[in-house]
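Participant: Sequence:
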Amino acid sequence: MPATSTLLVPPRPDPARAPLSTLELGLKLGRNILSIWTEDAYRQDLLVAPFFGVNSFTLNGSDAIRHVFVDNPEAYGRSLVTRRMLQPILGRGLFLAEGEEWRRQRRALAPAFTPRSIDPLRGIMTAVAREKLDQLASRVGRPIDLFAFTQRLALEVAGRTMFSLEMSDRAEEMRRHVDAYAEAIGPSLFDLVLPEAWPNPTDLRRRRIARRWRRFIEDLIDERRTQGAAPEAPRDLFDLLTTASDAGDGAEERAYLRDQVATMILAGHETTAIGLFWSFLLLALDPAVQDRAAAEACAWPGDNGAAIPTQLPFLHAVASEALRLYPPAFLVTRVALKPDRIGARRVNPGDIVSVSPWLLHRSARRWRDPHAFDPSRFLPDAPAVDRFAYLPFGIGPRVCIGAHFAMTELVLVLAEALKRYRFERTDSEPVLPVAVVTLGPDHKARFRLRPR
Numbered sequence: 001m002p003a004t005s006t007l008l009v010p011p012r013p014d015p016a017r018a019p020l021s022t023l024e025l026g027l028k029l030g031r032n033i034l035s036i037w038t039e040d041a042y043r044q045d046l047l048v049a050p051f052f053g054v055n056s057f058t059l060n061g062s063d064a065i066r067h068v069f070v071d072n073p074e075a076y077g078r079s080l081v082t083r084r085m086l087q088p089i090l091g092r093g094l095f096l097a098e099g100e101e102w103r104r105q106r107r108a109l110a111p112a113f114t115p116r117s118i119d120p121l122r123g124i125m126t127a128v129a130r131e132k133l134d135q136l137a138s139r140v141g142r143p144i145d146l147f148a149f150t151q152r153l154a155l156e157v158a159g160r161t162m163f164s165l166e167m168s169d170r171a172e173e174m175r176r177h178v179d180a181y182a183e184a185i186g187p188s189l190f191d192l193v194l195p196e197a198w199p200n201p202t203d204l205r206r207r208r209i210a211r212r213w214r215r216f217i218e219d220l221i222d223e224r225r226t227q228g229a230a231p232e233a234p235r236d237l238f239d240l241l242t243t244a245s246d247a248g249d250g251a252e253e254r255a256y257l258r259d260q261v262a263t264m265i266l267a268g269h270e271t272t273a274i275g276l277f278w279s280f281l282l283l284a285l286d287p288a289v290q291d292r293a294a295a296e297a298c299a300w301p302g303d304n305g306a307a308i309p310t311q312l313p314f315l316h317a318v319a320s321e322a323l324r325l326y327p328p329a330f331l332v333t334r335v336a337l338k339p340d341r342i343g344a345r346r347v348n349p350g351d352i353v354s355v356s357p358w359l360l361h362r363s364a365r366r367w368r369d370p371h372a373f374d375p376s377r378f379l380p381d382a383p384a385v386d387r388f389a390y391l392p393f394g395i396g397p398r399v400c401i402g403a404h405f406a407m408t409e410l411v412l413v414l415a416e417a418l419k420r421y422r423f424e425r426t427d428s429e430p431v432l433p434v435a436v437v438t439l440g441p442d443h444k445a446r447f448r449l450r451p452r
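Count the sequence shown with the UniProt record's numbering and you get residues 1 to 452, in order.
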């Protein structure tokens with residue numbers, strides 16, 4: 001790889017000066033989790049700290065990650081805080097399901113997310129990207145809120161691939177629901193110290209917002225079902241989900257489908273929007289890399305049906321490196337359900353065990369120039385990346401079911417965008433990542449587009 005002096009090193013939040021107390025940790029969780037780690041944490045394989053009466057383990061070593069997330073996943077479950085934050089909007093969908101219920105759902109839904117099912121949707125992804133990017137032509141040379149744009153674009157892709165519905169008229173309402181929930185999602189100290197059976201003020205607020213969210217999703221389902229009655233109705237992910245569903249009829253089936261659709265739309269569009277934003281930011285900060293990526297995009301004759309990494313290897317490497325530096329799912333947390341051991345350390349029921357892709361992807365023991373932007377790490381002729389050092393979509397049986405969908409969308413949108421525009425920052429104010437639920441920017445960063 002190139003030397004550090006030739007690489008872009010984007011700004012990041014200052015690390016903690018010293019290990020934090022339990023109370024300090026609890027307060028930081030609701031503000032920016034990235035600030036809880038010291039610089040030394042980026043060089044260690046295992047971090048252990050007391051946390052509200054239990055031990056918290058953060059894993060950076062391959063053996064420990066393999067043990068917990070690949071070899072022994074049944075010994076660990078979703079944490080109370082995760083359930084409190086997400087269950088009101090995701091219900092019993094795939095993300096939060098556990099045990100046999102999760103296995104049943106995964107088996108049923110997996111066919112809808114194979115490359116064979118997703119690759120025919122490339123045309124829809126490309127059409128949406130072209131449409132939304134063409135709408136920016138009137139804004140050339142003027143400041144734009146790029147994160148808001150990537151959110152709208154990713155929502156439109158989700159709507160059309162999932163429902164074959166245009167989401168433009170619904171985008172504002174959906175963003176209102178999502179933004180309101182993001183403000184209420186937490187986590188708070190109440191989530192950490194009160195039992196699940198004791199609703200706290202944050203829980204009550206989440207539930208109020210979630211009721212409106214569920215009605216919104218149910219209305220989308222009803223509209224798609226009405227459309228689906230027509231002979232010319234398209235085949236999309238909704239068809240595959242309903243075909244795969246074996247939840248039964250009536251209210252139970254309706255709730256099951258609502259929770260799955262909510263999970264797929266919310267997880268699919270929000271995380272992809274975040275990945276796109278950070279990709280564009282890095283390209284704006286590194287004009288040489290942007291020029292190389294644009295050259296590949298402009299020379300691309302169009303989708304020939306082959307694997308996207310084969311058609312657009314440098315753009316795929318750019319997207320992969322953006323996900324390394326800014327993984328949308330920056331923390332994967334489990335709680336021990338029974339006694340276990342991680343190396344020489346005993347794990348007791350109730351202990352918290354996590355892997356942080358943010359920390360892991362920037363480990364000084366695993367990556368050269370870990371904080372630098374270097375897409376060459378992911379080019380076809382580069383050394384193979386350790387599967388336990390790079391986890392943008394998780395690891396083990398619960399790896400993200402939509403990983404292929406997300407990477408396909410990321411690369412296709414980047415290609416269409418760079419054919420049309422050069423991306424520049426309008427100012428030099430650093431854009432820092434803020435980690436609460438996903439890894440978003442700390443402010444509305446403005447960008448300027450120039451025609452190519």
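Worth double-checking, as some hints may not be accurate.
Said to hold, decoys possible - Derived SDA-like pairs (lysine to any residue); straight-line CA-CA distance at most 25 Å:
(1) Lys444 with Arg422
(2) Lys444 with Pro15
(3) Lys28 with Asp179
(4) Lys419 with Val437
(5) Lys419 with Lys338
(6) Lys338 with Arg17
(7) Lys444 with Leu8
Calculated directly from the structure, the hints in this document are not laboratory data.
Participant: Now tell me, hint by hint, if it's right for this structure.
Facilitator: Okay, the hints, checked on the actual structure:
1. Lys444 with Arg422: holds (19 Å)
2. Lys444 with Pro15: OK: Lys444 and Pro15 at ~23 Å, within 25 Å.
3. Lys28 with Asp179: holds (20 Å)
4. Lys419 with Val437: Given pair Lys419, Val437 is violated - Cα atoms ~32 Å apart, limit 25 Å.
5. Lys419 with Lys338: violated (53 Å)
6. Lys338 with Arg17: Outside the cut-off at roughly 34 Å; violated.
7. Lys444 with Leu8: Answer holds: Lys444 to Leu8 is near 22 Å, not above 25 Å.
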